[in-house]
Amino acid sequence: MRPEIREYNYDWMMAGTLNAAGALANGTKKETEMTWRYIPYFSGVARAFINAGPPGIAFLELGARYYQNILNAHRDGKKIAATTFCNTPSILYAMGVVPATFEVLTAIGALVWKRGMFDYMDYCCETGMPETSCSSQRGALGAVLAGLSEKIDFIVCDTPGVCDTNANAFAFASAYMDKPFYQLNYPSVLGDERSQKYHIDDYKEMIRFIEEQSGKKLDYDQLGTVLAEVDKQDALTADMEDMLMLTPTPVPPIYTIMIYAGRFCFSGHPEYTRLLEIMVDTTRKRAAAGVPGLSAGEEKLRVVMCYIDHYTVDMNFYHYFEERGIAHTGSILTRNFRDGNKYVADLPGTSYSIDTSSPDAMLDSIAQMNARMPMVRSIRGPYDKQGMWLEETLACAKLYQADCIIYNGTPGCRNTWGMLKPFARDLEKHGYPVHIMNDDGFDDRVESWDATRERLDEFFNVRGLL
Amino acid sequence: MDVFYEAATRVDCRPIMEWKNSGRPVVGYTCSYTPAEIFYAAGILPVRLRGIETDGMEVGDTYFGPFICSFPKCILQLAGKGKFSFLDGAIITPGCDGMRRLDECWRKAGEDYEGIVPDYFYYFDVPHKSENHGMDWYLEELRLLVKSIEDHFHVEITDEKLLNAIAVFNKGRRLLRELEDLRSKDDVVVSGTDAFAAAVAGTVMPREEYTRYLEGWLSDLKERKASFSDGKKRIMVVGSVSDEIDLFELIEARKTAVVVAENLCFGIRYEGNEIPETGDPMASLAAHYLGGSVCPRMFGKYKERLQMLKERILRSGADGLIMQNIRFCDLHGAENALFERDLEALGIPCLRVEREYGPHIDAGRMRLRIGAFLERLSVAGKPAGGVQRRTA
Numbered sequence: 001m002r003p004e005i006r007e008y009n010y011d012w013m014m015a016g017t018l019n020a021a022g023a024l025a026n027g028t029k030k031e032t033e034m035t036w037r038y039i040p041y042f043s044g045v046a047r048a049f050i051n052a053g054p055p056g057i058a059f060l061e062l063g064a065r066y067y068q069n070i071l072n073a074h075r076d077g078k079k080i081a082a083t084t085f086c087n088t089p090s091i092l093y094a095m096g097v098v099p100a101t102f103e104v105l106t107a108i109g110a111l112v113w114k115r116g117m118f119d120y121m122d123y124c125c126e127t128g129m130p131e132t133s134c135s136s137q138r139g140a141l142g143a144v145l146a147g148l149s150e151k152i153d154f155i156v157c158d159t160p161g162v163c164d165t166n167a168n169a170f171a172f173a174s175a176y177m178d179k180p181f182y183q184l185n186y187p188s189v190l191g192d193e194r195s196q197k198y199h200i201d202d203y204k205e206m207i208r209f210i211e212e213q214s215g216k217k218l219d220y221d222q223l224g225t226v227l228a229e230v231d232k233q234d235a236l237t238a239d240m241e242d243m244l245m246l247t248p249t250p251v252p253p254i255y256t257i258m259i260y261a262g263r264f265c266f267s268g269h270p271e272y273t274r275l276l277e278i279m280v281d282t283t284r285k286r287a288a289a290g291v292p293g294l295s296a297g298e299e300k301l302r303v304v305m306c307y308i309d310h311y312t313v314d315m316n317f318y319h320y321f322e323e324r325g326i327a328h329t330g331s332i333l334t335r336n337f338r339d340g341n342k343y344v345a346d347l348p349g350t351s352y353s354i355d356t357s358s359p360d361a362m363l364d365s366i367a368q369m370n371a372r373m374p375m376v377r378s379i380r381g382p383y384d385k386q387g388m389w390l391e392e393t394l395a396c397a398k399l400y401q402a403d404c405i406i407y408n409g410t411p412g413c414r415n416t417w418g419m420l421k422p423f424a425r426d427l428e429k430h431g432y433p434v435h436i437m438n439d440d441g442f443d444d445r446v447e448s449w450d451a452t453r454e455r456l457d458e459f460f461n462v463r464g465l466l
Numbered sequence: 467m468d469v470f471y472e473a474a475t476r477v478d479c480r481p482i483m484e485w486k487n488s489g490r491p492v493v494g495y496t497c498s499y500t501p502a503e504i505f506y507a508a509g510i511l512p513v514r515l516r517g518i519e520t521d522g523m524e525v526g527d528t529y530f531g532p533f534i535c536s537f538p539k540c541i542l543q544l545a546g547k548g549k550f551s552f553l554d555g556a557i558i559t560p561g562c563d564g565m566r567r568l569d570e571c572w573r574k575a576g577e578d579y580e581g582i583v584p585d586y587f588y589y590f591d592v593p594h595k596s597e598n599h600g601m602d603w604y605l606e607e608l609r610l611l612v613k614s615i616e617d618h619f620h621v622e623i624t625d626e627k628l629l630n631a632i633a634v635f636n637k638g639r640r641l642l643r644e645l646e647d648l649r650s651k652d653d654v655v656v657s658g659t660d661a662f663a664a665a666v667a668g669t670v671m672p673r674e675e676y677t678r679y680l681e682g683w684l685s686d687l688k689e690r691k692a693s694f695s696d697g698k699k700r701i702m703v704v705g706s707v708s709d710e711i712d713l714f715e716l717i718e719a720r721k722t723a724v725v726v727a728e729n730l731c732f733g734i735r736y737e738g739n740e741i742p743e744t745g746d747p748m749a750s751l752a753a754h755y756l757g758g759s760v761c762p763r764m765f766g767k768y769k770e771r772l773q774m775l776k777e778r779i780l781r782s783g784a785d786g787l788i789m790q791n792i793r794f795c796d797l798h799g800a801e802n803a804l805f806e807r808d809l810e811a812l813g814i815p816c817l818r819v820e821r822e823y824g825p826h827i828d829a830g831r832m833r834l835r836i837g838a839f840l841e842r843l844s845v846a847g848k849p850a851g852g853v854q855r856r857t858a
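Chains as they are written, first to last, in the working numbering: chain H, 1 to 466; chain R, 467 to 858.
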């Protein structure tokens, strides 16, 4: 790692960056315009969020708060748990533990820095992790392993059975730093009685582990409060999802990242509810006024991202959607699979409900919700089995009236790359043009954004979509 | 030895084809977490699926993506080329993400290549934890597997048959343990290549025949006086799945090294402990196959595996470790790095190397790396970090 990188605490640096970005909106127009000059590599991100109005500014503030919580955790007598995006942090909030979600922290760094998270990713390789491991963990994990972040106290992940390379990153971190580790493990099926029971048994063990590590028993009143907040957030997210289905959608592409990044960082936390409320309110007004989500106005194409988005420097991916008039109708990350959502109607057993009437009901609710988080829900089993990735993607493509489907991931994603070609072929058989992006969503060195953009253009041109 | 070499280096080796030609079924399986005893009890020949004799990758690359380990790709390649036409069934296990997707890739390839998917094609869902509900899940998976085999092949798998199968397999385990003892002595009377070939052969040969040959070969070895270890460095091979005899030949070809142990998915790692021959056979099989946590797929068990490795190093008197991982095998790649850190700190020299499985396209590079490592051992002499040899 370059010596100058070692001079800065990563969490502190990112908190400062996001704080400053959020505060930009408080200046005069002239002051804000002047600022762009000083942040040439970050201006696209800052502009995008600030121009998005109150939701964008609230999101920047939320991001800054996330880092500040990590920075202040030990001072406030709280433990920090390293965790993964698909393990809901709501249980950690209910137990007074501060989450540090590696993938979100990596994505933010990748978005706002010219060199992205390269130095931190490479540091992981210096410690011995293969460079073929998923970049989404390697960014933030590199800062942790290099001692450039707040020290984590323990690790919980829920990807064994779903994503080896994700689980392996957390297991490696545990062994490398000698930190306590708990893995939630998911079977390859979903929705049957046996797997439902496994989810609960495993989740209870995880709670016991967190109690042991935090020194605090789970307070069911607190869990009830958190779940009630999740209930509100789910309803608001469902509103956003409904509005994504409108043609043209009044939801700007950038909102999709706000929906899921907020959920991965602050599920069950009132601050995320506030963000969603602002987003829903703003979007409803746009819909009522007939204002499309795309700033260019015309919605030329509707895309379903069947996996994740592209997060490298300056939000290029989202700007591209805006420039080309492409509506982003969500990805595997935006949908929450709450019962009652339209896309779960054809996918029996894949949804969850929230019941706070008793401790057992709450445990069941949160365990089943966690089992339906992005990725752990969709790619746990063979992709063409009931309720898995193919059915889910087709259901969403139909409901969101997609013109085509695009895959983006990372080369580290062994689980999707293991089946992606036949999966894409099956989607094509159902009439959807499919594009497989060959980049790394977190690392521009794998494929430059210029090349990625050219390939996207080529796909849209060759398939006669644009 | 010839019978072992033939079985270890040919996909359609004589023992499998003789069994098949006698009208009895053959079922392939992909992962060491699948109890072969169940198939034996059903009168089925269990054959560990392998990727040897692959001479191209056009089928494997068509269905798998580019960032996938070459081992499952080689298996798919052979399947697509009809090399597994002797199979009546196949069991796919989520040993790792690459291997688990053999399920879809093989089935989907079957839409393009007629007849390559065996009639019996089963997904065996092995959990990643062995405690409490993990063990319960696995036990239930075993019961479902048994029921499925019974239904498809019209056989009955009783507890008595399972206990008998366990006893037959245990006999082989004891013999392999004797082989390990011979390899651990100061004067090693068997090359690592021969020993590994014998171990790999056991994953495809009918068990009684295998045990008979192994018994005879061991008797010969015990009479042997010539030492393979004179003036040579004692090497242990660990890491990603390997059934490649030529990897061992590459190490021993320099005449300065002998492989005295391995900790690989093929090999003797799983054969060390016997399974109880009384009591509930399903529970015993579950405890043996899932309980060991010997593979990095069992996340969070690094310390147990490190301890096990240290014991094996001590027992075998290994001077150094060659740790290999197939490219895109993150599990072994990361764990090898941890092993290297912790073992080098104890004064045990380690070589960590990434490679490809299948046709030995990087044999030259591997030879160079291995040669450099052996030179390092020669210069360093015996480990100085306090590793004391334990007499076998």
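Quick caveat, the hints were computed from the structure, so don't treat them as lab data.
Mixed in with the good hints there might be a few duds.
As the list claims (entries may be wrong) - If you anchor each label on the Cβ, the simulated ranges turn out as follows: (1) Gly837/R / Arg425/H: 28 to 34 Å; (2) Asp527/R / Ala361/H: 46 to 52 Å; (3) Ala829/R / Asp457/H: 56 to 62 Å; (4) Leu466/H / Ala838/R: 52 to 58 Å; (5) Asp527/R / Arg455/H: 49 to 55 Å; (6) His430/H / Glu674/R: 46 to 52 Å; (7) Arg807/R / Asp242/H: 50 to 56 Å; (8) Pro742/R / Lys197/H: 25 to 31 Å; (9) Leu610/R / Ala361/H: 27 to 33 Å.
Unchecked claim - Take a look, some chain R residues computed to stay more than 10 Å from chain H by CB distance: (10) Gly548; (11) Phe619; (12) Pro762; (13) Leu797.
Since we're looking at a predicted model, the values are computed, not measured.
Where a beta carbon is used, it is the ideal one built from N, C-alpha and C, also for glycine.
Structure-based check of each hint:
1. Gly837/R / Arg425/H: 28 to 34 Å: Roughly 45 Å apart at Cβ, these two residues miss the hinted range, so it is violated.
2. Asp527/R / Ala361/H: 46 to 52 Å: 49 Å, holds
3. Ala829/R / Asp457/H: 56 to 62 Å: 42 Å, violated
4. Leu466/H / Ala838/R: 52 to 58 Å: The hint (52 to 58 Å, Cβ to Cβ) holds, given that leucine 466/H and alanine 838/R are roughly 54 Å apart.
5. Asp527/R / Arg455/H: 49 to 55 Å: 20 Å, violated
6. His430/H / Glu674/R: 46 to 52 Å: 51 Å, holds
7. Arg807/R / Asp242/H: 50 to 56 Å: 52 Å, holds
8. Pro742/R / Lys197/H: 25 to 31 Å: Because 28 Å falls inside the window, the suggested range holds.
9. Leu610/R / Ala361/H: 27 to 33 Å: 30 Å, holds
10. Gly548: For glycine 548/R, whose nearest Cβ neighbour in chain H is about 19 Å away, the distance exceeds 10 Å, so it holds.
11. Phe619: Phenylalanine 619/R is indeed farther than 10 Å from all Cβ atoms of chain H, at 23 Å.
12. Pro762: About 7 Å separates proline 762/R from the closest Cβ of chain H, which leaves it inside 10 Å; violated.
13. Leu797: 5 Å, violated
Of the numbered hints listed earlier, those contradicted by the structure are 1, 3, 5, 12 and 13.
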